[in-house]
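Engineer: Chains A and B, in that order, give the protein sequences. Counting from 1, one number per residue, gives the positions in the first sequence under my numbering. Counting from 1, one number per residue, gives the positions in the second sequence under my numbering.
Be a bit skeptical, because a hint or two may be false.
Label pairs and their computed distance ranges (CB to CB) [said to hold, decoys possible]:
#, chain 1, residue 1, chain 2, residue 2, range
1, A, P288, B, P292, 43 to 49 Å
2, A, S328, B, G199, 52 to 58 Å
3, B, R44, A, L97, 35 to 41 Å
With the C-beta cut set under 8 Å, the calculated list includes, among others, these residues of chain A facing chain B [stated by the list, open to error]:
#, residue
4, A166
5, V195
6, D357
Simulated from the structure, these hints should not be mistaken for lab results. Just so we're clear, the structure is a prediction, and the values are computed from it rather than from any experiment. For each residue, glycine too, the CB sits at the ideal point set by N, CA and C.
Number of protein chains: 2
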Amino acid sequence: MTIALNETHDPARRSFVESANAPGSDFPIQNLPFGVFCPDTKERPRVGVAIGDQILDIAAATPSFGGPVAGAAKACAAPHLNELMSLGPQAWSGLRLALSRSLSADHGDKSLRQHLTPMAQAELTLPAAIGDFTDFYASIFHATNAGRAFRPENPLLPNYKYLPVAYHGRASSVRVSGTAVKRPQGQRKRAEEAVPSYGPSRNLDFELELGFYIGVPSRLGDTIPIAAAADHIFGFCLLNDWSARDVQGWEYQPLGPFLGKNFATTVSPWVVTQEALAPFRIAAFTRPDGDPAPLPHLACATDQKQGGLDITLEAYMATDVMRRAGTSPQRLTQTSFATTYWTVAQMVAHHASNGCDLAIGDLLGSGTVSGPDKSSWGSLLELSARGREPIPMPSGEQRGFIEDGDEIIFRGFCAKPGFARIGFGECRAVILPAG
Amino acid sequence: MTIALNETHDPARRSFVESANAPGSDFPIQNLPFGVFCPDTKERPRVGVAIGDQILDIAAATPSFGGPVAGAAKACAAPHLNELMSLGPQAWSGLRLALSRSLSADHGDKSLRQHLTPMAQAELTLPAAIGDFTDFYASIFHATNAGRAFRPENPLLPNYKYLPVAYHGRASSVRVSGTAVKRPQGQRKRAEEAVPSYGPSRNLDFELELGFYIGVPSRLGDTIPIAAAADHIFGFCLLNDWSARDVQGWEYQPLGPFLGKNFATTVSPWVVTQEALAPFRIAAFTRPDGDPAPLPHLACATDQKQGGLDITLEAYMATDVMRRAGTSPQRLTQTSFATTYWTVAQMVAHHASNGCDLAIGDLLGSGTVSGPDKSSWGSLLELSARGREPIPMPSGEQRGFIEDGDEIIFRGFCAKPGFARIGFGECRAVILPAG
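In isolation and in its complexed conformation, chain A is listed as follows (with noise of 0.2 Å):
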């Protein structure tokens, strides 16, 4: 499916919530991800909408739509976006389209003021009830630099080319931006010790990665044909797949990485739709020549003609120190997603290519985007070169891996000429001590 530009995609429709129309912001009426808040401590999670530092609560404004709008609104109610999602595309863009208009400045309902809410007073929490989470490993930068970290013999291995590699993860441990992460212990042997010790990671780091909801589901043993693979996705997040190298190298072969990764993960509370990213596709990437086609079932001429998304993603850290002195988080990359070997529709398509049932809510991770230079990497093993070439920080401090008390914000928008600039907002989290 290819999704139209209409008038919610309009540069030139401006909200009566004046924050939604300043230059820089993630959320002008352009945007609107949905999300779940508390207005306060005593109230219950509900699904709002971002617009500038707003958050509309949805559910309470139903009286201001009509007809099919006013049952997508009551779905808002759930401390989840699940309700939401189950209800299909159509209300989604239903939904959509009459907030754009209820928030235009121009013939906005105004009366809507009364259910917003200061986004720095809400608490947000994670916006979906995720059933599985599996992360993939669709940045081909990515998957050479880190397997030259962990087989320099023989970097990217003969299948990468054929299929979007991805593992499960663990759903549990899935956070939302804010949550404070504990350093983890476990296994790990350097190179030169002859046994392995327990104690807490020595090499931790982030990865980059952008987040996908699935809004609309498969049945076990029904495949999803690869040009309808992207009509399942509600929307997409910042992901930060944490990975405890030192863990992780020890542990993973021959299944793959387990305790290295699922300790936390976390994700941003914005989920941006697919429409809101519709203007932001670009054929980026193409295979290089010489490298096999897509077998048929992951070959998609319109999704290939359309190419990938092109969201610039940041990962920034600032060090205890830093924030002390009111030093402003220093940039560690930025990278676009429109670099990536495989699309999302692929992703999708493969993921059930085999009949997995994919469910309402599940999450979906791209793996680390990481582009071609090594201005545009998304992890520190790779930025630092396994820690080698530890980055200078403006305290004077410097970072191979991630220290206690640091925090890592990743940020990601969309900008082009002629459209509204498209944020995700941040996704962050502090590191506490082991133990």
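Knowing the structure of chain A, use the given hints to seat chain B on it.
Structural biologist: Showing chain B alone in chain A's frame:
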């Protein structure tokens, strides 16, 4: 915790449900496994206990029980075991004792007959709401055999004797015994082929495993001491980790099994409690001289002295031709869970050793249980030497891997002089053609 033997283990106790007293019964009054059933298609699922060839509707029997047991019985009105699990081991044990007394021939409450449903008439459903599914690799015999098949030069990897290797499986595709499994499609490449192709798996296999459910949760960031690890387990079942060997072989590097496994996992409907299995621990397996001792966080003298659970596990096959001819299923293997290198306590302690949270209803699998000899290997990959040595069937057919229409049946039981036989029932599924 050591589970003390008590009156519920008394081999002399008989039930007024006569079928429970038959010598070969899987479900004597000393077993009392929990499951979820629908008495008929018009009614909602609820928790029951197996007694002979009958199922007792526990919630319906609540008025027979006094005090705190009534609370546990009421939790059995739920459509999965999670509510009962959440009450904790004392509640499970109290309910078991009350059921043992109430169903006994001598002093039982025969009015409970009104709450019995013949097992043959009931529909048994998935016993738990499973959040995450983790599969281990605890049999060193299987790890060596399977390693040899995929990596002839390097079958057992250096980490194997230091940690119970595991990976995350797919929770959404776990199904209860009796649910047919469709042959998966996928990418596979024979050694002599230059490129992979997509189509029905040519090497469909079973893996004979023991499953266990978490009943006592742990919090994110907390570890579980090895001495307390077994206390987190509610009970055990049979588990078939269906595996498409050709898909797995092509996809699994570097991140582990994914589509080769996640199309289906089958579990038996009855969950046998730790208390019922308490008499059957034996020190059958000891680490060979020269093997490293477990690191302190995985070492527990009591656990090692008590040894593994001596559960006999069997796999049978009935081809379509055999079923039509009325031929009994052919036994393919018989093994004991006590031969695994790692105990269930070690698996649980390892899983939480990095702070990963375990949730009520989580399913853990042991990995294929293979013993030292060919007669005790737990998969066709091993039994047929990757299909090169097909197994003759009584119908004159032979099988290297599973063909369409074949039914795989697992059975499990504990038997020991001086104790009643504790059975697991069956875990079975027929393979349907792909497409």
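Engineer: Look at each hint and say if it fits the structure.
Structural biologist: Consistency of the hints with the structure:
1. In this structure the supplied range 43 to 49 Å holds for A/P288 paired with B/P292, their Cβ-Cβ distance being about 46 Å.
2. The supplied range of 52 to 58 Å is met by A/S328 and B/G199, whose beta-carbon atoms lie about 54 Å from each other.
3. In this structure the supplied range 35 to 41 Å holds for B/R44 paired with A/L97, their Cβ-Cβ distance being about 39 Å.
4. This hint holds: A/A166 has a C-beta 5 Å from the nearest C-beta of chain B, less than the 8 Å allowed.
5. The interface hint given for A/V195 is met, as the beta carbon of that residue sits about 7 Å from the closest beta carbon of chain B, less than 8 Å.
6. Proximity of A/D357 to chain B holds as hinted, the smallest CB-CB distance being about 5 Å (cut-off 8 Å).
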